[in-house]
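Residues per chain are reported as follows:
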Amino acid sequence: MDGLDDIALTAAVFLPLVGVLAMMFTPRQHEADHKVMALIATLATFGVGVYLLLRFDYARADALQFDVDASWIEVINSRYILGVDGISLPLLVLSMFVCVLVVVYSWNHFPEPHNPKAFLILILILETGMNGTFVAQDLILFFVFFEVVLLPMYFMIGVWGGEQRQYAAIKFFLFTLFGSALMILSFLALFFQGGQTFAIAELVAVASDNIPRSTQILIFGGLFMGFAIKVPMFPFHTWLPDAHTQAPTQGSVILAAILLKLGTYGFVRIAIPILPEAAQAWAPWIGGLAVIGIIYGALGCLAQSDMKRLIAFSSVAHMGYVMLGIATLTDFGINAAVFGMVAHGLITGMLFFVAGSVKDRFHTLELSRLGGLLIQSPRMGWILGFCAMASLGLPGLAGFWGEFPVILAAYNPAEGLSVGLFRGYMVVAAVGTVFAAGYLLWMFQRAAFGTPKEEFADTPIPGMHWPEYVAWTPMLVLIVVLGLFPNLLFGLTDGAVGTALAAFGGGGN
Amino acid sequence: MLVNQFLILGAVLFCIGVYGVLARRNGVLVLMSIELILNAVNINLIALGALQGPEAAVTGQVFSLFVITIAAAEVGVGLAIVLLIYRNRTTVDLDEVDLMKG
Amino acid sequence: MPFDSPSLDYHAFAPEIVLVATLVVLLFVDLVFEERARWATSTVAGVGLLASVVPVLTLAVDGADRGLFDGAYVVDNFALVLKALFLAAGYVTVLISTDYIGDGDYYEGEYYFMLVSSLLGMTLMASSRDLISIFVSLELLSIPAYLLAGWRKRDLRGNEASLKYYLLGVFASAVMLYGMSLVFGVTGSTVLVEIGDVLAGGIGAAPLVTVGIVFIVVGFAFKVSAVPFHAWAPDTYEGAPTPITAFLSVASKAAGFVALVQLVFIAFLGRDDVWAPMFWLLAAVTMTVGNLIALRQTNVVRLLAYSSVAQAGFMLAPFAVAADIPVDRGGVAAATGAVITYLLIYAAMNLGAFAVVMAVARRTRSAELGSLAGLFSYAPGLAVLMSVFFFALAGIPPLAGWYAKFVVFKVLLDAGNAAAVTLGVIAAVNSVIALFYYASVARHMLLDPAAGTDTSRVRVPASLGAALGLCALATLAFGVLPGLIAELGDVALFGLLP
Amino acid sequence: MLAQNLSFAVLATVATVAALRVVSTRNVVHAALYLVVVLASVGALYVLLAAEFVAAVQILIYIGAIVVLFLFGIMLTRPTIGSEHGLDNDQRWMAGVTGLLLLGLLSFVLVDGFGDRQLPRLDGMSREALTAERGTAAVADSIFSTYLVPFEAVSILLLAALVGAIVLARRD
Amino acid sequence: MLENIWVVPGLTFASFWLILFFGKRLPKGGAEIGIAAVGLAFVLSSVAVVEWNDRPATEEVEAVSTGEHGEAEAHGSEPDAHEEAEDEHSFGEVRALAVDLAAAEAGEGEAGEHEAEPIRSAVERNLTWFSFGGVDITVGTAVDGLTVILLFTVTLISLLVHVFSTNYMHGDVRFTYFFAALSLFTTGMLLLVVSSSLLQALFGWELMGLCSFMLIGHWWEKKPNSDAAMKAFLTTRTGDIGLLVGLVIMFFAAGQTFDIAAVNEAALTGAMGETVLLVGASALFVGVIGKSAQFPLHTWLPDAMAGPTPVSALIHAATMVVAGVYLVARLYGVFWSAFDIEAGGVNPIAVIGGITVLIAAALAFVQTDIKKVLAYSTVSQLGYMVMALGVGAWTAAIFHLFTHAFFKGLLFLGAGSVSHAVHSFEMRDDMGGLRKFMPTTFVTFMIGSLALAGVFPLAGFWSKDEILLGAAENGYRLFEVVGLIGAFMTAAYMTRCVYLTFFGSYRGHGHPHESPPPITVPLIILAVFSVGAGLLNAPGFEKFFELTENRVFLLAGIEHHSFEIVPAVVSSVVVLAALALGGLLFFAGRLPRGVTARSRAARAGYRLLANKYYLDHLYTGVVVGSIKGPIARAAYWANQKVIDGVVNGVGVASTRAGLWVYRHIDQRVVDGAVNGAGFGAEGFGGILRTIQTGRVQQYGALLFGATAVLALGLVIFV
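Chains A, B, C, D and E, in that order, give the protein sequences. Read in order, the letters of the first sequence are residues 0 to 508 in numbering that gives the first Met the number 0. Read in order, the letters of the second sequence are residues 0 to 101 in numbering that gives the first Met the number 0. Read in order, the letters of the third sequence are residues 0 to 497 in numbering that gives the first Met the number 0. Read in order, the letters of the fourth sequence are residues 0 to 171 in numbering that gives the first Met the number 0. Read in order, the letters of the fifth sequence are residues 0 to 717 in numbering that gives the first Met the number 0.
Worth flagging that the hints you see were computed from the coordinates, not collected in a lab. It is possible that some hints are incorrect.
DSS-like cross-link-like pairs, simulated, lysine-lysine; straight-line CA separation at most 27 Å [what the hints assert, rightly or not]:
| no. | chain 1 | residue 1 | chain 2 | residue 2 |
| --- | --- | --- | --- | --- |
| 1 | A | 358 | A | 452 |
| 2 | A | 34 | A | 358 |
| 3 | E | 371 | A | 452 |
| 4 | E | 435 | A | 358 |
| 5 | E | 371 | E | 222 |
| 6 | E | 371 | E | 435 |
| 7 | A | 358 | E | 221 |
| 8 | E | 222 | A | 452 |
| 9 | E | 23 | E | 221 |
| 10 | E | 371 | E | 221 |
| 11 | B | 100 | C | 152 |
Isolated chain A, as found in the complex (with noise of 0.2 Å):
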């Protein structure tokens, strides 16, 4: 088995693009052998998700796993080193998990221009580079994963996308370029300063050491931008919101689901754990962009009439949440922020199904025009509250352990932070909690409640087909689940964010 466990990450990251292969020699025509095929790719992968999860060795969630370590680009001393540890593997398995879930929901809702094949084909390509990215232990080989998602994602909002689909797909795609240009200067002056290696862990190891704090600073600012214009946080969101409402349903969801953790994933397994005191430095600034983003974010959503937009918004305020978590550098915050963006990731997902199944049946997401989705389809709308329930943050569902700890640990940040100034930010925080009832509701209220407007109220709407009940049970299930035993994943991130944090004594508490 051993044999398999150093291959294990390996398939991990590159079946899809096998099944990629596979596709590129099937003519276009053959629609249903595309889809049996990536279903098949994803599948596979997720399969070595279920291995990976099976032969993973909980008691040492804190140390890397299924490490490999070849060579890459000897020139860089830059290493092909990969491994999993508590953060990254519930990260991983979810991307592979969701991107099964769009494939299966894909199945009959090809968004226009239909294209099968490319369409699924995008979507793998993009499965290979998230997975990349959550395993990728080298920064190279991680900025590499991390700019592989931007092509497909372009595509797939420019191609298959709404009327202004060129604009949002290029401004998402500047917007990020930008940030990882800075972000791959920041890396190379790690490497220069931190001892001529790209491997994370040595970085650790060193880094702190080698550079003084000042330089530290710098450096730090530059991953900054690279990650946090891919969270996003205010004020680098405004691609969101256009690349959200343009993107096709699928695209929508990879985004909210994944793409957006790729920020916060380097913040918790690259800025922090490279440079603690540089994040230390900066966690006030990033912890009142965060609270910023809450309550900005709720504003925007409140001002939206489109409901894609609105989850879009939305978005913005619960990555502040997780942010805020991330700033607060304890472990209660960067448990919390794991958490907050697997939830994030199943429930924005969950809402940005429904929304791609509610424009399918109606050709709008008006919220004006909306109405009634209960009695026309009881079971979607059902789900819809469910979803603004969860996303609200209620107790009970995975929405909450994305909350609530961050404001519990925002009242007690770490050490050298200024904690009358995080205590003011959990009371924002707090408060957001409220905007985000208001406007999940008000949503909610305005899309199923009442009765359909008189432009729907005969047209016979289809109730949910297989493929969506299919994509949709195991989120919703998910999010009960983890909504009732949070040990399931703080048991498995605890002791990861523990070793994240050693800097700060294993976090400020």
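Starting from the structure of chain A, add chains B, C, D and E where the hints point.
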């Protein structure tokens, strides 16, 4: 003799040539101005070669020979191109050759 | 006195000799079977180029650095890698030319004759280590290029392209010659190594030398189309036959950089106070201006022209900081490595880009961006290839371009001083701006609805297809396993280190 | 010594004036003829510098070949021979400024660089020694030993230029 | 049973899922599952009560007090108590500490009310839920008197409501779904009641919020209903800000634990800093205000009447709103020492409670919708309870909660029964004289009203009396007076309500008839309790106190005051006075013209109108005469315009703000900057293009010029 006598003369020829290539509108005249520049170069090569001693002197002469030869080739090519232009648009006025810009 | 004829190491000349042979065969073939064997000429050229790669390989295997004519002509790894690059680029050019020239009624035999002689000049350039050889090989690679640019005789734009290229080329080489004369005059030698030794001494400090260096660098800045010596590039690229444009934008530019590397890092090494700021300025201005103007282009070829200007800016950046890199981290060698790596990757990407543009133009009969609309709907393969090459140029992983940009960033941060980092940030911002127009091409192809009426499948001739395949393969391989290319860039240096 | 300086003065003046006429005359054919004057006087200067072979080549190739080429060019491209207006374009002033700028720059660095360094006096040497040292034979030797590669290259270059020029120039 | 108390919420939770998935397929649409589950839960709760009753009282605790109280310092071992209490946080150990404390004290035989007297120790059962940051977060159950009492009450009311609904909701569009929600609702309350940790309690708390949203908005086709639902959810959620913050503060103040007992312990033993405690308690209380509809966040409760009546009964009697009261009672240690309740005088809790009592009571006068009357009455009664807690009458508060559950449940179900008959809640337009048509409902409703009014010897009397007594004894005279006024008003508006509903002439349409057994039986059962429940704490018996007494009591040294005759008489007099006045106004004054009025009414509608106008006039006249009019109306005006206006205003305002920010900041500034940069770049590119003139000699000029400048620059600067 001062070496600078020759060098300054070369510089003068060079600059006259530059003026010529920039100010003359007729393609053939531009080619002629180029020859002025190349002559300036040759003067430099030979004068400085002479200044720097025997080997340098030889090298300078060789260099200038190459320059002269290649200048000939260039003029040939240049005239061919000018001729081509003239044939297609019955003018050698360089100012009119501006289809592509921006 | 008796003349002692020099003993020649023919192995060292083998590649050039093969090329000359090819030239002869070409003339012969064209002469004997006039019309009947027009097709043969391209084959002959291709075979000849491939054949001349063989000795390059044998020399590489042999590995020893060979210096002839007391250092005027050197065959080392640097030279070999670049000869290989030139020959490969030339071969791809032949491939993409075959149908282009074959279909239109152009002089075919002569065309390949010109191409190969220009390549001969380049291969010589890679080994030339003294001013005269550099000058001669520069002219040898340029003059045929001037003529090729105007090969489409009846096309006014073609004539114009040729004229502009020729005139500016001659101006530039005149300036360069004057500079060479000054440097020669001060040092009394034309061999780069000797010049380097002299200039390293106190005498080098004279303003005279400064002017000399500036003039010489300008001569090659023109070749690599660095702003403000780039003006010819867009017009020439647009007017010249597309294969020649590809050839110029890759091989000719590469030759320019080769000469720069040799001159700056061997002859002028002692005077970095002169060239470091100059290159800093050139690099910054070049990448910025190139990108900004490219934003406004509506013609793909012209857009590629400006893009190659901008790319040249990236390649100039390592020169700006070469002197500041600690010697224990390779010193100028590191910079050279970056330049060469960039050149190799850039060659693959850019040739591919032009090839695909040509393939598309066979259908659209136009290079306007608008004519690409909806390409994806009727020629998905080409559309995907084109986006591959364009996004590679934009530097998006996992396509090769990212590594090219990466090595440049690496060198900049390796130098580490304020100027270098500033240049790094400028470069970073530029790489983002660049994405905008590269993506806009993809946008037209993939995101716009098909405009053209004829949306039947596009037939790509075999040789063109082969060229596309080669470039795409290289672009992907270098992107995923940059190790391959990095080794070359690294190896290329040793013969060159002073 | 005086003779040399005197002849230099004359030749230099002639060359300069003629060169100025080349870039200023209104008549294309005259320009070509003035060019002959320039080339000839420069050739004479080569003799002053003891580079007889170069001088010879200068006369042969330049005046014998290139200028003739120019005249042909003029014939082919200009139906009427005679003076005409508008040989100059509207950026004459900019051209002048550029030229003067360069002149200033160059003369400064040259003066700064070589000041009043004398050329070595050669009249002391015997004719043979001179020839052996830097005469035609020496030049030939170095061309066929040290500069063999460029020499061969130039041959290819000329061939290519020939073929290409013909292709472009011929009427078909 | 006490160890396995989790079964009780477990049952209802299971039934929720069962109904959700299988309800539709069952003959009774899932109702049977719900009833079975809740019924079983009720049985188990009763068992729990019995077991608790039989549980031997073993635990002896010595009162430690919150520091600044003189007599506390007397204890020799006081300081160690502090330190140890600070160090130790797991509940068990604290208990141990408390025990040997008691042992230590035994020798000193110091005088005090509680020292010798042992109590039943709570039954705890915890298991680790999850752990992060090196802290184990536990879930579990803690059962003591308070718990079992509430279990009993909640399950009973819930059961009756279930039964009632089978008929009342019969044929409703979402019958099944309704029952599922009921089960979940009950689960929420039960979970809150049994939980041993604050975090877990939060789950029950929010679960109820969710269910209230679902049930109030049950008929969401109509926008007002869904608005009401959202208002309820959002208002309580606003309060929850405080709750969240409070929880967090408590978590850290008590040394990183959510264990309720530990928190109380820490608060009482002074392990928490003064300020922290005060801030935390205030924050928590904000949550209570929201949930228990205290002034000024009470406006959602009347709107919540949009839901089906059984839901109102459940919300008002047993779940949702009493959750707040329960939380205060549960964390009494915190509030006790935070607001220094022992000191007497005034404190926020009492003040808020008092204000709520009066305002709500006044508002009840101007309602014409019977459910709204009851709603405001609930608010007012909740005010009583909170006030009671504020004045340190802990037992009284719980006792009132207990009794109030029965008669308020009774009243709501009665109202439901009435509306079931007349299909309306408008007392003035569609009711009147119903006592003849529906006797059972009438009788039970009367009992309920009298109990609510606090007439001897019904349940309300005893509990209310205890509150007043507690206020008096603990030095809160002011609030005793408030209580009396409240009692007076309560009696008065209930009289009005009863009169308008059951007396006079029937003003509705159709022929009202008595409701079927499923509706009347619950009424009767509740009536019985409304009569008897009070006796549980009757003088001399005081079973209730004995049952609910807990260690917080002892630690804090809370005193329980047994029945005293004088205040009881006073309050009875007040109540009777109110009844008399009301009776005078409505009954006595009505008879003479009433007959004619009614006889005419039978014939001519317009006389009926006139008659109504007459009554109306009479009523208003009286109210004005008795000065309540202006107050009530002013209060109502203020309520609707100011407080409610603020509540709604906040919503509107934030939406506006959102729009503004979005339009001007987001789209203009933030986004504009980005796009601006883009356009700038392109524009600049356009300018640069003009260099490219296409004239070769200008290119040349550029070349030579640039060369010259470059060289010159370098010559000069190098």
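Item to complete: Starting from residue 358 of chain A, check that the Cα of residue 221 of chain E is at most 27 Å away, please.
Response: holds (24 Å)
Worksheet entry | Pair hint residue 222 of chain E and residue 452 of chain A, alpha-carbon separation not exceeding 27 Å | holds (13 Å)
Practice prompt. Below or equal to 27 Å on CA atoms is what counts here, so check residue 34 of chain A against residue 358 of chain A.
Written response: Between residue 34 of chain A and residue 358 of chain A the Cα gap is close to 22 Å, so the pair holds against 27 Å.
Practice prompt. Take a quick look at whether residue 435 of chain E and residue 358 of chain A sit within 27 Å of each other, Cα to Cα.
Written response: Distance of about 57 Å is beyond 27 Å: violated.
Worksheet item: Quick one, are residue 371 of chain E and residue 221 of chain E close enough, alpha carbons at most 27 Å?
Response: holds (19 Å)
Item to complete: Measure nothing beyond the straight line between the CA atoms of residue 358 of chain A and residue 452 of chain A; if it is 27 Å or shorter, mark the hint as holding.
Response: Given that 27 Å is the threshold and the Cα spacing comes to 15 Å, the pair holds.
Discussion item. Residue 371 of chain E and residue 222 of chain E were given as a pair; does the straight-line alpha-carbon distance stay at or below 27 Å?
Written reply: holds (19 Å)
Item to complete: Would you mind confirming whether the straight-line C-alpha gap from residue 23 of chain E to residue 221 of chain E stays at or under 27 Å?
Response: holds (24 Å)
Worksheet entry | Restraint status (C-alpha distance of residue 371 of chain E to residue 435 of chain E at most 27 Å) | holds (24 Å)
Worksheet item: Is the straight-line distance between the alpha-carbon of residue 371 of chain E and that of residue 452 of chain A 27 Å or less?
Response: Between residue 371 of chain E and residue 452 of chain A the Cα gap is close to 32 Å, so the pair fails against 27 Å, i.e. violated.
Worksheet item: Going straight from one Cα to the other, do residue 100 of chain B and residue 152 of chain C come out at no more than 27 Å?
Response: holds (20 Å)
In the structure shown, a violation is registered for the earlier hints numbered 3, 4, in ascending order.
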